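What follows is each chain in one-letter form.
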Amino acid sequence: MNDFRIEIAKVVFCVKAQYQNVNEFCKEYLVDKKPDLEIVMERIDIAHERKINFTEQKIEGIALLDFPDPYYEITALQRKIAERFFEFSTLLFHGSVVALDGEAFLFTAKSGTGKSTHTRLWREVFGSRAVMINDDKPFLKINDDGVTVYGSPWNGKHRIGSNTSAPLKAICILERGTENHISEISAKEALPMLLQQSHRPMQMNMMPHYLDLIDQLSQKVRFYRLSCTMDPQAAVVAYEGMTNKGKEEV
Amino acid sequence: MKIKNGFVLRQVAGQTVVLPADSALDLNMMITLNETGAFLWERLQNDTDEAALVVALLEEYDVDEETAKQSVQAFVKKLSDNEFLC
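Going down the list, the sequences are from chains A and B.
Position 99 of the first sequence, counting from 1, maps to 123 under the working numbering, and the rest follow consecutively.
Position 68 of the second sequence, counting from 1, maps to 202 under the working numbering, and the rest follow consecutively.
Keep in mind that the hints were calculated from the coordinates and are not lab data.
Predicted, not measured: the structure shown is a model, and the values here were computed from it.
We put the CB at the ideal spot given by N, CA and C, even for glycine.
Be aware that a few hints might be false.
With a cut-off of at most 30 Å between alpha-carbon atoms, the simulated DSS-like pairs for lysine-lysine come out as follows [said to hold, decoys possible]: (1) A:K212 to B:K211; (2) A:K34 to A:K104; (3) A:K165 to A:K51; (4) B:K138 to A:K104; (5) A:K104 to A:K165; (6) A:K165 to A:K244; (7) B:K136 to B:K203; (8) A:K58 to A:K165; (9) B:K211 to B:K136; (10) A:K134 to A:K244; (11) A:K75 to B:K138; (12) A:K212 to B:K136; (13) B:K138 to B:K212; (14) A:K104 to A:K181; (15) B:K138 to A:K82; (16) A:K212 to A:K134; (17) B:K138 to A:K212; (18) A:K212 to B:K212.
Here's a subset of chain B near chain A, in silico, CB distances under 8 Å, partners left out [to be verified]: (19) Q149; (20) V151; (21) A155; (22) M164.
Which chain B residues stay away from chain A? Per the calculated CB distances, all over 10 Å, these [stated by the list, open to error]: (23) L167; (24) G171; (25) D181; (26) V188; (27) F218.
Turn these sequences into a full structure, and let the hints steer you where they fit.
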C-alpha cells in the first residue's frame, strides 16, 4: 500500500493506493494536512475501471485498447473522489477551463471536438492574462453566491492546468463550424449537456442530491453555444460573446 | 400498473426530469415531463389503472372527460412502449 494526502477543491483526502504511479500523478496536489476523508483503492476498483474503459470504447466504436493496472488506478481514484465530492456540493465536470483576468470560462464538448485547441487559442490571443485551470476534469463547487472552479490532477492528455481556483462565469458548449459564432442558451437547453458532462453518482441514494446540485448550477452560471474554427479569432468571438452580455447587466 | 422502481423524479433547470437512479453510463432513458406528465407520474408511483388516472386528472385540472382519457392513454402508451411500467 502506498499512502499519501492530496488537497483538491479545499478537501484533504488520505489516499491508500495500490501503485506508486498515483501519487506521482497527483504530485502538484500533495499536502501534509489533516485529512477530511480516506479513500482506499482496492483491486476491484481497478477491475471495474478496466470494464468501464472497454464499455466506453465499444460505445465510441474504437479499437479495444487495454492498459496496465496503474493507469486504471489513476482514473479509478478520480471516480472515487468525484463520488465523495457530492457531500461537499462539488461536481466533477468534463471540459477545458481557462480563466481570463481572474474569471473562469468552461468549454465542454465530446472528446475530440477541440476544447483544448480552443483554450490554447485563448492563451495565444490573451497571453499571460489567460490562465489554464484545467484541460479535462475540473471540480465545480456550488456555493450560495456562485460557482467556484478548481483544478485537479486529471488535467488531460497534455497535462495542462494549475492547482488554483476562480469564480466560474460561464459554461460554453463548443462545436466545430466554418465560421465563429456564439449565442447564449437557456439553462433548459443546456441541461442534457450538464447531465452528460458531469460525474453522475454510482450510489442510487445520491441521485436526488446530484440533481439538486445540477439545478443550482443551472441557476448560477450563464450558458452559451459556440460554433468555431481553429483560427485565433474564435477566442476573441467567444470572449466578447460571453462578457458583453455581462456588461449589459451592470 | 405502476412505474418500475429505480427512477428519480426531480425539478431541474425549470423542468421535471426523470432519470434512472443507477445508470453510470446510459442517459438514453432520461425524460422530461410536462405538468400533466409529472402529475400522472406521481400517481403511477403506486399501483393504479387508466380509469383512476382519468378521475384524478378531472379532479385536478379543468378538462373534459374525453381529453383526459386521451391524455392518459397517450401517456400510458408512451411509458409502456419505453418499458417504464410493470
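Evaluation of the provided hints:
1. Taking the CA atoms of A:K212 and B:K211, the gap is about 26 Å. The hint holds against a cut of 30 Å.
2. Restraint check for A:K34 and A:K104: satisfied, since their Cα atoms lie roughly 17 Å apart, inside the 30 Å limit.
3. Taking the CA atoms of A:K165 and A:K51, the gap is about 22 Å. The hint holds against a cut of 30 Å.
4. Note on B:K138 and A:K104: the hinted pairing holds, with a Cα-Cα distance of about 29 Å set against a maximum of 30 Å.
5. For the proposed pair A:K104 and A:K165, the alpha carbon gap of about 17 Å is at most 30 Å, so the pair holds.
6. At roughly 11 Å between alpha-carbon atoms, A:K165 and A:K244 fall within 30 Å of each other, so this suggested pair holds.
7. For the proposed pair B:K136 and B:K203, the alpha carbon gap of about 18 Å is at most 30 Å, so the pair holds.
8. Using a Cα cut-off of 30 Å, the hinted pair A:K58 and A:K165 holds, with the two alpha carbons roughly 21 Å apart.
9. About 13 Å separates the Cα atoms of B:K211 and B:K136, which keeps this hinted pair within 30 Å; it holds.
10. With a C-alpha separation of about 23 Å, the suggested pairing of A:K134 with A:K244 holds against the 30 Å cut-off.
11. Between A:K75 and B:K138, the direct Cα distance comes to roughly 27 Å. Compliance with the 30 Å bound is thereby established for this hinted pair.
12. With a C-alpha separation of about 28 Å, the suggested pair A:K212 and B:K136 falls inside the 30 Å cut-off, and the hint holds.
13. For the hint linking B:K138 to B:K212, the alpha-carbon distance of about 14 Å falls within 30 Å, and the restraint holds.
14. Note on A:K104 and A:K181: the hinted pairing holds, with a Cα-Cα distance of about 20 Å set against a maximum of 30 Å.
15. Only pairs whose Cα atoms come within 30 Å are accepted, and B:K138 paired with A:K82 is accepted, the gap being roughly 28 Å.
16. Proposed proximity of A:K212 and A:K134 is supported: the alpha carbons are some 19 Å apart, at most 30 Å.
17. As the CA atoms of B:K138 and A:K212 are separated by approximately 26 Å, the hinted pair is consistent with the 30 Å bound.
18. About 22 Å separates the Cα atoms of A:K212 and B:K212, which keeps this hinted pair within 30 Å; it holds.
19. Because the closest C-beta pair between B:Q149 and chain A is about 6 Å apart, less than 8 Å, the hint holds.
20. Here the hint on B:V151 is kept, as its CB sits about 7 Å from the closest CB of chain A, short of 8 Å.
21. The beta carbon of B:A155 comes within 4 Å of a beta carbon in chain A, closer than 8 Å, and the hint placing it at the interface holds.
22. The beta carbon of B:M164 is positioned within 8 Å of a beta carbon in chain A (closest approach about 7 Å), and the interface hint is therefore held.
23. Listed as outside the interface, B:L167 is consistent with that label: its C-beta sits roughly 13 Å from the nearest C-beta of chain A, beyond the 10 Å cut-off.
24. Every CB of chain A is more than 10 Å from the CB of B:G171 (nearest about 15 Å), matching its label as outside the interface.
25. Once the 10 Å rule is applied to beta carbons, B:D181 is consistent with being away from chain A; the minimum gap is 22 Å.
26. Residue placement check: B:V188 keeps its beta carbon more than 10 Å from all beta carbons of chain A (closest about 30 Å).
27. Under the 10 Å C-beta cut-off, the non-interface status given to B:F218 relative to chain A holds; the minimum distance is some 16 Å.
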